[in-house]
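The chain contents come next:
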Amino acid sequence: MGKTFAEKVMAKAAGIEQATAGQVINVYPDLIMSHAASWRCIRTLEKMGTDELYDVKRIAMVMDHNSPARTAKTAADQKLCRAFAKSKGIDKFYDVDAGIAHVVLMEDGHVRPGMVLIGTDSHSTIYGALGAAGTGVGFSEVTATWVSGYLWMKVPNSIKVVINGPLSPGTTAKDVMLKLIGDVSADGGTYCSIEFHGSYVRGLSVSERMTLCNLAMELGAKFAYVPPDEVTRAYLAERGVQPHEYEEIYPDEDAVYSRVITVEGAELTPQIACPHTVDHVLPISAVAGQKVDQVFIGSCANAKYDDLAQAAAILKGHKVAPGVRLIVTPASKHVLERIVKDGIFSTFLESGAMLTNPGCGACAGDGGVMADGEVTLSTANRNFQGRMGSYHAQIYLGSPAVAAATAIRGVITDPSEFFAKEA
Amino acid sequence: MVGGTCIKFGDSINTDVIIPARYLVSIDPQELAEHAFEPLGEEVQNRLRQSKVVVAGVNFGCGSAREQAASCLVGAGIQVVIAKSFARVFFRNSINTGLLAVECPDAVEHIGDGDSVFVDATEGTVTVGSDTFHFEPYPESLRKILDAGGLIPYVTQHVVAGRR
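Those protein sequences? They're chains A and B, same order as listed.
Numbering-wise, the working numbering puts 383 at position 383 of the first sequence, and it's gapless, one number per residue.
Numbering-wise, the working numbering puts 50 at position 50 of the second sequence, and it's gapless, one number per residue.
Some hints could be false.
Here are the simulated BS3-like pairs of lysine-lysine, each with C-alpha atoms no more than 27 Å apart in a straight line [as the list claims (entries may be wrong)]:
id, chain 1, residue 1, chain 2, residue 2
1, B, Lys84, B, Lys8
2, A, Lys86, A, Lys57
3, A, Lys341, A, Lys319
4, B, Lys84, A, Lys179
5, A, Lys333, A, Lys319
6, A, Lys47, A, Lys86
7, A, Lys47, B, Lys144
8, A, Lys341, A, Lys86
9, B, Lys144, A, Lys12
10, A, Lys57, A, Lys8
11, A, Lys47, B, Lys84
12, A, Lys47, A, Lys73
13, B, Lys144, B, Lys84
14, A, Lys341, B, Lys84
15, A, Lys57, A, Lys341
A few chain B positions that, by computed beta-carbon distances, are all more than 10 Å from chain A [unchecked claim]:
id, residue
16, Ser12
17, Thr15
18, Ala70
19, Ala87
20, Arg88
21, Asn96
22, Pro105
Just so you know, these hints were derived from the structure itself, not from any lab.
Built from N, CA and C at the ideal position, the CB exists for glycine as well.
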């Protein structure tokens with residue numbers, strides 16, 4: 001019987017012949033990421049009474065949430081991480097200026113096809129964009145893996161999502177995923193590995209693949225995966241990673257899937273996730289006109305270079321609506337450098353946006369929070385009650401194009417109106 | 001056998017509701033417990049502290065990978081969570097922090113808010129009054145982690161101790 005990507009990649013990381021969905025096995029992750037939770041891991045390690053680490057080369061630490069520190073407590077936590085990384089010789093340590101862990105690690109060539117990665121952030125599924133198996137875990141799990149090298153993992157069932165392209169104009173990977181989450185619900189992929197296939201996915205940019213895999217988490221997924229191809233290899237080559245440094249893993253033709261879902265890209269329109277769950281999804285036509293107080297373009301879902309370029313293309317020559325705050329938070333320092341160089345930074349400033357330092361920012365409730373009764377349209381991946389300030393505020397989720405159009409009008413707006421004008 | 005009075009919730013209770021991000025500055029279960037379910041108001045919080053069992057619908061603990069969503073319940077004195085289904089990371093974090101997480105949709109349908117509920121993890125049973133419901137007991141590897149009191153005590157006993 002054929003094997004899925006998840007079955008193959010987990011068998012490899014466990015050092016066993018083969019693995020089958022449902023099995024619980026001990027897996028040795030290739031990379032162990034901890035972000036804002038790093039200090040908790042260090043404190044837990046102290047409690048264990050050891051400082052002997054299995055393999056320091058497999059550890060990455062990124063200070064992305066609450067950066068730079070806004071309280072003395074956070075500053076002390078970050079100081080602890082800095083000192084720990086230095087004393088242990090952790091060379092994949094990224095300080096508060098670097099940006100969001102997922103994006104930074106991918107940009108720097110630390111994520112490669114065929115790897116298994118664990119991270120103290122649920123959206124670690126994003127690593128599937130490069131044909132790797134990434135998954136979120138708790139800080140105790142990271143600490144235990146630092147010490148032992150392995151972690152218990154269940155081999156997941158796999159769901160095949162076939163996305164037929166091309167998409168209709170003005171729609172993006174974000175819209176594909178919001179529609180999917182709305183259709184199959186926020187637990188439709190619980191403990192599953194989501195494999196993305198189909199003509200839309202082939203040849204898609206790594207950035208859009210990141211959006212697909214990032215949001216797979218909102219289906220409850222354990223892993224997400226896009227088969228590596230020329231696009232993957234070119235992305236890695238740009239980062240100095242050569243083909244002999246990774247192993248591409250593909251599912252067998254006759255792999256067994258628990259479900260196959262087909263998405264017709266041409267039928268899609270921009271989608272909005274409404275408060276307070278990610279699967280409360282409506283087509284934009286049903287929500288257009290909803291007044292907003294704030295627009296946030298940021299997060300690991302949609303603050304990469306081309307997300308910002310797409311938003312800026314719509315904002316160019318327009319002003320943010322009076323009374324609306326537009327907050328733009330680039331995903332990484334690399335993204336920030338690029339938008340400064342090619343003028344996108346200035347386009348945002350001229351439109352009336354405020355730019356913050358790279359990192360998780362408002363998505364993690366760190367700055368850009370809301371008062372009672374306020375509404376934000378955000379490009380992030382979660383709209384839970386109280387996530388951005390008041391428990392009595394509302395978060396709507398949409399694509400960067402929707403965010404830009406909404407910032408200009410001050411109400412949730414279909415971006416196609418701006419594409420039409422340019423045509 | 002563990003259990004006692006339960007507090008019952010509906011579907012899709014997410015981690016931001018269980019423990020809002022602003023309180024992740026702590027890893028102390030007791031301290032965290034003070035803010036567990038804060039978005040749902042004081043009455044729910046008081047009832048939580050008087051309960052031994054949390055009962056919930058589908059996809060309990062969806063959202064963040066924050067382990068504190070499990071450990072804050074431990075801090076509040078909860079011994080077991082029974083749900084129709086769990087989000088993946090919450091389920092893992094429960095086992096790893098030594099909190100029993102039991103998937104038993106039939107039991108959840110039957111249990112009323114405030115009922116006395118008991119769980120036998122070895123046998124795989126949920127008992128409510130005179131009714132008994134069955135669930136698949138954990139594989140041995142996970143039982144060992146729970147028996148040790150969680151993943152950290154387990155690795156300390158099995159890996160760190162072996163190196164000394």
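Violating hint indices (sorted, rising): 8, 11, 14, 15, 16, 17, 18, 19, 20 and 21
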